[in-house]
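Undergrad: One-letter residues, chain by chain:
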Amino acid sequence: MNLKNKRLVFYISTYILIALFAILGLIYNTKAIPINENISQTSQKLSKLKEDNRKLYLELHSRTTLEAIEKYAAITLNMVPAPEIHYLIRESNEY
Amino acid sequence: MNINRARLRFFLICFYTILCLIVVRLGYLQLFKHNFFLQKSTSQLKKIIKLYPNRGNVYDHKNKPLALTTTSYSAYTMPSQIKDKLEFTKKVTSVINSSQKDILKRINTRSPFVWIKRKLNSTSYQKLLDLNLEGLDFIKEEKRVYPHNNLAADILGFVGIDNQGLGGLEYKYDSLLKGSSGKIILEGDPRGCRLITGSKKTLPPNDGKNIITTIDEYIQYIAQKYLKEGVEKNQAEAGHVIVMNPGTGDILAMADYPFFNANQWSKYPVHTRKNSCVVDVFEPGSVFKVFTLAAALEENLFSYDQKIKVPEKLKIGRHTINEAHARKDGESGIYSVSQIIEKSLNVGSSLLAGQLGKEKFYEYIKSFGFGKQTGIELPGESSGLLRHPDKWAKIDLSMISFGQGVACTPLQIATAVSAIANKGLLVKPRIIKYFTQETDQTMKSIPKKTVRRVIDKETALKVTEVMTNVVKQGTAVAASLPGYNVAGKTGTAQKAKKNGRGYEHGKYMPSFVGFFPSYKPEVLILVVLDSPKKNYYASLSACPVFKKIALATADYLNIAPDYY
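As they're listed, the protein sequences go chains Y and E.
So the first sequence is residues 233 to 327, counted in the working numbering.
So the second sequence is residues 30 to 593, counted in the working numbering.
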């Protein structure tokens, strides 16, 4: 093969290699896009769920305060406080 | 030809000069201004998204939440985007509780950004969202919420609109609770759009630390409930309760009536928002006699069953010490040291202090922690008022022996009495157990601390026996608990004037401090009422409050009775 042909082969193979890498890169990026999109959406869902969890935790504790429980027991369940026991202290010579 | 050559030469010189200038300028920009332009291009090409940290929560010692953070939305507008401002105002004010005049004034400005309302509740937010108004938008923010409203509000404190701590633990530990913000650094084009293949660096925010307190939610609730009842029943101006573990110094409850709702703190006057249990001082009155007794017994000046002749009045200089009650007919005037405390005799305690001398007595008072802050992890703690003996008048030794002429906080009294309960060892009160990260990993704990030995164990036991007699047969019978030996002391002190000159006429500060079971104490409770109009004697006002709190606490903590 003369020098001119060798040069031609070299240039063509270089161009083919570059084109191949470019195509591979493009394929990789196009596949990566939906995956990244998926990750981003899942992260957003996770943050939203964490947020909802915090809100529910807060609502649970706001509704189950001791004051609210006592009120609910008294008004809705018609419960009454336990009767108080009064002790009389008598002197030993008294009956 | 020569002229043409000269012209060409001239032109070339000019050209090369300009070229040199350009090259020099280029070199200057590339070499000397390299960092400047690199930063500029980086900032243009990078998009930074700030990540806000979550404020740390506050829990009781059983990890029940006392202060939490939730997401809320704040409404804002860019006035230039509003087409019909009047219509906008009408629709917005139909949802939020603001005057139309106020909103209209705010949006009629040249300002590019105007808040409509910060931290909306979920209902208002949804209604505003449904309006779909042009020019109205929302920013997500964190909102501090106290799910139990006024429970332990004095201890927790409150936060401002930007979640900055303004009182209580929120203020004292603001830097730990707020955490630090993070950021996401994205590579983008100069228009701010993210590059598909661009890098993404995330620096996560450091959420604030959580605080685990020593408070018990149930005991705090009980203390507040019965304190409120006691204040209302006795028509007092205010009231304070402290419940603590005398052995460890853990504060189980600290209540200060009137209460305030930490979620709406701005609606309450300033005086309700401070924690009077650590900030305000008062003259303790007869409660102080236990320290006089402890000092006299420790110095072996008396034994607790030793009989002493106690006159009805005691003249010191131009002043006369009187008893609170006139003596009954037939009373001999000879009392044991124990009876002096049981009957709360002012003259008797003056005699005890007189034997001690002012220097010695002052040393013991200081040793019990008076005149100095306890060091509890709450802001604004007062050290009380205790003058050096050099500044005492002749009458002061007697007055201080029964708790007048000295001022202290409720916490100082509770801490000092806990030294008696704890067999003579003074402990440092604590309100925080430890700090944790969001992952519940403990970061830092506040250890229990024994400060010093104030009195011997034997002296402490003798004082405890005398205090137990006070409850069994003395002035505090109303504080007795069925099945338990209770050690305590009543106090009914005159209320000092705010200017410190004399006392308010007809106003008293009844108090009772007690611990039980006497000889293996698990709980110490202090109750103070401020200026009750009904029942100003401690036995009728403070003792019943103590009893209710004590019974509920004993039941809750399963404290074994002493006898059946």
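One or more of the hints may lead you astray.
The following label-pair restraints were derived from C-beta to C-beta distances [what the hints assert, rightly or not]:
(1) N285(Y) - D485(E): 29 to 35 Å
(2) Q276(Y) - N290(E): 52 to 58 Å
(3) K282(Y) - I77(E): 19 to 25 Å
(4) N587(E) - K282(Y): 36 to 42 Å
Quick list of in silico lysine-lysine cross-link-like pairs, DSS-like style, CA-CA up to 25 Å [what the hints assert, rightly or not]:
(5) K282(Y) - K254(E)
(6) K303(Y) - K577(E)
(7) K156(E) - K112(E)
(8) K169(E) - K229(E)
(9) K277(Y) - K229(E)
(10) K303(Y) - K229(E)
(11) K112(E) - K280(Y)
(12) K156(E) - K282(Y)
(13) K280(Y) - K577(E)
In case anyone wonders, no lab produced these hints; they're calculated from the structure.
Keep in mind the model is a prediction, meaning the values are calculated, not measured.
Glycine included, each C-beta is placed from N, C-alpha and C at the ideal position.
Undergrad: Next step is simple, just say for each hint if it's right about the structure.
TA: Hint check:
1. A beta carbon spacing of about 55 Å between N285(Y) and D485(E) contradicts the range 29 to 35 Å that was offered as a hint.
2. In this structure the hint that Q276(Y) and N290(E) lie 52 to 58 Å apart at CB is violated, the actual value being about 35 Å.
3. In this structure the supplied range 19 to 25 Å holds for K282(Y) paired with I77(E), their Cβ-Cβ distance being about 23 Å.
4. Checked against the hint of 36 to 42 Å, the C-beta distance between N587(E) and K282(Y) comes to roughly 38 Å, which is consistent with it.
5. For the proposed pair K282(Y) and K254(E), the alpha carbon gap of about 35 Å is over 25 Å, so the pair is violated.
6. Our distance criterion of 25 Å between C-alpha atoms is met by K303(Y) and K577(E), whose separation comes to about 19 Å.
7. Distance check on the hinted pair: K156(E) and K112(E) sit about 20 Å apart at the alpha-carbon level, within 25 Å; holds.
8. Annotation: proposed proximity of K169(E) to K229(E) holds, straight-line Cα distance about 23 Å (limit 25 Å).
9. In summary, the hint linking K277(Y) to K229(E) is supported, as the alpha carbons are separated by about 19 Å, within the 25 Å threshold.
10. Our distance criterion of 25 Å between C-alpha atoms is broken by K303(Y) and K229(E), whose separation comes to about 53 Å.
11. With a CA separation close to 33 Å, the supplied pair K112(E) and K280(Y) exceeds the 25 Å bound.
12. The suggested pairing of K156(E) with K282(Y) holds, with an alpha-carbon distance near 23 Å, which does not exceed 25 Å.
13. Restraint check: the Cα-Cα separation between K280(Y) and K577(E) comes to about 46 Å, which exceeds 25 Å; the hinted pair is violated.
The structure shown violates the earlier hints numbered 1, 2, 5, 10, 11 and 13.
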